[in-house]
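A.B. asks: Residue numbers (numbering that gives the first Met the number 0), protein chains in the order written: chain U, 0 to 190; chain L, 0 to 688.
No lab work stands behind these hints: they were computed from the structure. Incorrect hints may appear among the rest.
So the derived list for chain U, only partly shown, Cβ under 7 angstroms to chain L, looks like this [said to hold, decoys possible]:
{"#": "1", "residue": "Tyr21"}
{"#": "2", "residue": "Leu66"}
{"#": "3", "residue": "Ile68"}
{"#": "4", "residue": "Ala75"}
{"#": "5", "residue": "Ser82"}
{"#": "6", "residue": "Phe86"}
{"#": "7", "residue": "Met89"}
{"#": "8", "residue": "Lys92"}
{"#": "9", "residue": "Ile104"}
{"#": "10", "residue": "Arg154"}
{"#": "11", "residue": "Ile158"}
{"#": "12", "residue": "Leu159"}
From a predicted model like this one, the values you see are computed outputs, not experimental measurements. C-beta: ideal position from N, C-alpha, C; glycine also.
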Amino acid sequence: MGDIFVLIISCIFINNIVLAQYLGNCPFLGTSKKMETAVGMAMAVIFVLTMAGIITWIINTYFLVGLGIEFLRTIAFILVIASLVQFVEMFLKKSIPALYAGLGIFLPLITTNCAVMGVCLINVQEEFSFVEALISSIAYAVGFGLALILFTGVRERVILGRVPKPLQDTSIGLVTAGVISLAFFAFKGMV
Amino acid sequence: MLESVLFTLGLGLIIGLALSFASRIFYVYEDPRIAKVENLLAGANCGGCGYAGCSAAAEAVVKGEAPPNVCILDSKENVDKIAEIMGLEAGSAEPLKSFNDCEGGSRATDRFYYNGLNSCKAVASLYGGKRDCWIGCLGFGDCIRACGFDAIKMGENGYPVINKEKCVGCGACERACPKPILKVRTMTDRLLHLNAEDDALAPCAQTCPAEIDIPRYIQHIRHGEYEEAVNTIRERNPLLLACGRVCPHPCESWCRRGIEDEPVAINHLKRFVADYEMNSGNRIPIGKAPDTGKRVAVIGGGPAGLSCAYFLQRAGHRASIFEAMPKLGGMLRYGIPEYRLPKKVLDWEIEGILNLGIEHHTNVRLGRDFEFGALIAAGFDAIFFSIGAWNDYRLKIPGEELNGCYTGIDFLSRIGNEEPLTIGKRVAVIGGGNTAIDCARTLVRKGCDKVHLVYRRTRKEMPANDVEIEAAEHEGIEFIFLASPNRVTGDDQERVTGLEYLKMELGEPDASGRRRPVAIEGSETVLDVDMIITAIGQSPSAEFRGKGDRLDDISWTRWNTFEVDPATHQTNVPYIFAAGDAATGPALVVDAIGGGRKAARSIDLFLKGKPVVPQPKAILNKHIEETIFDSVLGIEKTDRVEAPEIPVSERIDNFDEVDLVISEESALREANRCLHCCRLCYDPDQARV
Ligand SMILES: Cc1cc2nc3c(=O)[nH]c(=O)nc-3n(C[C@H](O)[C@H](O)[C@H](O)COP(=O)(O)OP(=O)(O)OC[C@H]3O[C@@H](n4cnc5c(N)ncnc54)[C@H](O)[C@@H]3O)c2cc1C
């Protein structure tokens, strides 16, 4: 039980996927201008990452390792994630149109979110058990959401400040991200 | 090696199968045109069109919500191809355009010192951006930076000015503006928008029952842009020649200049530009939205009917007017006499409205010449009632049936219709409203020796327009106040010989706040007359009721008027709407015009399949509290322009128009008296003549 707790904390805070591992920067910068969008993106990522984490773990454990063809991992994962997103999109469109409309353009965007791929690969490299893989996927996704929402909150305030012209918009965004990332390093001392 | 090949093939097979099955199971029907249209869009997902990505835009195009040229990056050929897919002509949906409603009064100077980012959004989030007025423009130009088409420039006064030619209606400026003043709308949206709580409205514009943007058209006159002024009035009122002559201008009572000085002569200015257009001989073209193919029957061609038909037609629907009398115009033609509103002027104005393509049938009365069922069979999508109030009330006193007794509307409409009538020598007109005065003034012109106007209360309580009462006094009409008719006396040939009345005194105030007159016992007096006209009020005459069709389901008020939702003008039968005197009881021409437009808004919603609900925040001619002042600073008193009129001696024996139009010079002078007010600001400096 204690291990699981540590796993959750480390996935969300200490090894935060964006702020400590620098994955998923594209949607992190792209969808962080408005809180509404940020929340939508965070939800979509949590949903897709959890699914992707489980399925890729199964494929890896039972097929890739079983057959001794681990070198196909990247290709296989890309295929799985891409089709998974497609599948989820179709499913939501038919079954939960409201959620589909809410997530809108973010669903297909996740296909290109390297955080998803990253987490799947981490799960495998760390040789997690199924439960651990499940928990870490959710926790990483939550970490992504947390970082995105925090960052959006800051960015919404930043436009109020007097930012020198060359630093405006994305540049100040990157600087901000850096500062937040530094702040997250403090979590290293937690465990 | 073999394993890896097999695995990859297997994985591909499984995924392929899973996705194919999923597509089959989760298939949602999508109009095939959406995909076709999407292929023709630029595919940049830039959001410049205002939709969330290209597929959303394609969907909107197919649904008919966006025009084929929605994509701001698309080439001309692609736009044409999209139009072809949709079976439309390119650009046939109504274009969206940006409008800035705040033009700044005295605010540009007090741009406060502020150390943050020079952006409206930043200021608005820190201070609520309040300078003087919470809706006012902040002037940091977020809209200018947001515009990808170079269509907005900072104007001289520090307020954005939009170049209509360059504006593509993408909506970026509206999204960038933290205030509700920059709006991207179609013409129809603007025409049918009702004054709302957060609009840029001066007190006069809030008061006008037709909701005309008064400060804007006066500003146009000030700059000599008469055509623009006419267009601004026409956005709200298609009968400007008529209103310019007969409107009792409630707006002027709320004019801010009126607090310290005499109010601006708003209506004379309206008449000036309206006459300017007529006398120029050219009709200013009136814009129209693309045809929607929906048809609306308008019953009654008075101001309410004409206004509703006009706005529906401009919104792209097809209106057909059915009118009982030989000509259109309602009370404008058959009530208001020639000397106040010449028929030639009215004809010109109505012709301009009909030129929009409005179909009309005259000499057909619903309930006499055709039945309601015929309208339904003809396939009208909605029906609008504007039958006015033509049923004169009776006094219910003995002798009222004698020869020589008439009722007001009956009398005036027969004169208006040029029917021969025997006119008495000494006449009593009973009543104190416009109808009574118009009867009296008409009689004077018809050669009566003596015209008495008998009214129950005093002059102060008379509902007629003040100018009318004055003119009547000048023309020698004798007013008998505080008199209540008791009996009509007649001779043995059933001809009227006199009117007996009781003298009254004023007692306690009644429900309307006016003091109720009470009769003085034994004060019977006889007035020696040979003709009596009763003009004590009217109600709609609805002889089409009780024929066993859907019309019988309509609720009526106890005043015998249509019961409608005051905000939407819808009756309890969803496709039937009503406005004008038929819904309000006798009122003003502008009320009828405003009602017609409000009904047109609801009918437009109804025809587009949207719920007919009141517009949120509509003020419906109530005043916005913060905009009403007790005092105004910096006003120099100046004379209000007076309209020239023909002297009494020259007008008393003919029906020539009495009031004349003001000169261009006076109009410019008067326009300069306008403070160009908005909600809070006003500009006394500009108003120095
Ligand atoms: C004598 C007089 C003077 C006035 N002076 C002024 C003034 O100075 N200023 C001002 O602002 N207002 C004035 N008014 C008020 C103003 O004229 C009315 O409020 C206004 O005309 C109402 O417009 P409406 O369209 O509702 O009805 P109306 O103008 O009455 O038009 C109704 C039309 O419907 C037609 N109709 C009726 N029944 C049927 C049917 N069954 N089938 C088909 N058609 C039918 C009628 O023939 C008529 O043409 C005056 C009114 C009168 C009577």
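A.B. asks: Against this structure, judge whether each hint is valid.
C.D. replies: Verification of the supplied hints:
1. Violation of the interface hint for Tyr21 of chain U is found here, the shortest Cβ-Cβ separation to chain L being roughly 25 angstroms, above the 7 angstroms cut-off.
2. Satisfaction of the interface hint for Leu66 of chain U is found here, the shortest Cβ-Cβ separation to chain L being roughly 5 angstroms, below the 7 angstroms cut-off.
3. With 7 angstroms as the threshold, the beta carbon of Ile68 of chain U comes within range of chain L, its nearest partner Cβ sitting at about 4 angstroms, so the hint holds.
4. Checking Ala75 of chain U against chain L by beta carbon gives a least distance of about 6 angstroms; that is within 7 angstroms, so the hint holds.
5. Because the smallest distance between the Cβ of Ser82 of chain U and any Cβ of chain L comes to about 5 angstroms, under 7 angstroms, the interface hint for this residue holds.
6. Proximity of Phe86 of chain U to chain L holds as hinted, the smallest CB-CB distance being about 5 angstroms (cut-off 7 angstroms).
7. At its closest, the beta carbon of Met89 of chain U sits 4 angstroms from a beta carbon of chain L; the interface hint therefore holds under the 7 angstroms criterion.
8. Because the beta carbon of Lys92 of chain U sits about 5 angstroms from the nearest beta carbon in chain L, less than 7 angstroms, this interface hint is met.
9. Using the Cβ-Cβ criterion of 7 angstroms, the hint placing Ile104 of chain U at the interface with chain L is satisfied: the shortest such distance is roughly 5 angstroms.
10. Because the beta carbon of Arg154 of chain U sits about 13 angstroms from the nearest beta carbon in chain L, more than 7 angstroms, this interface hint is broken.
11. The criterion of a C-beta within 7 angstroms of any C-beta in chain L is met by Ile158 of chain U, whose closest approach is roughly 6 angstroms, and the hint holds.
12. About 5 angstroms separates the beta-carbon of Leu159 of chain U from the nearest beta-carbon of chain L, less than 7 angstroms, and the hint is met.
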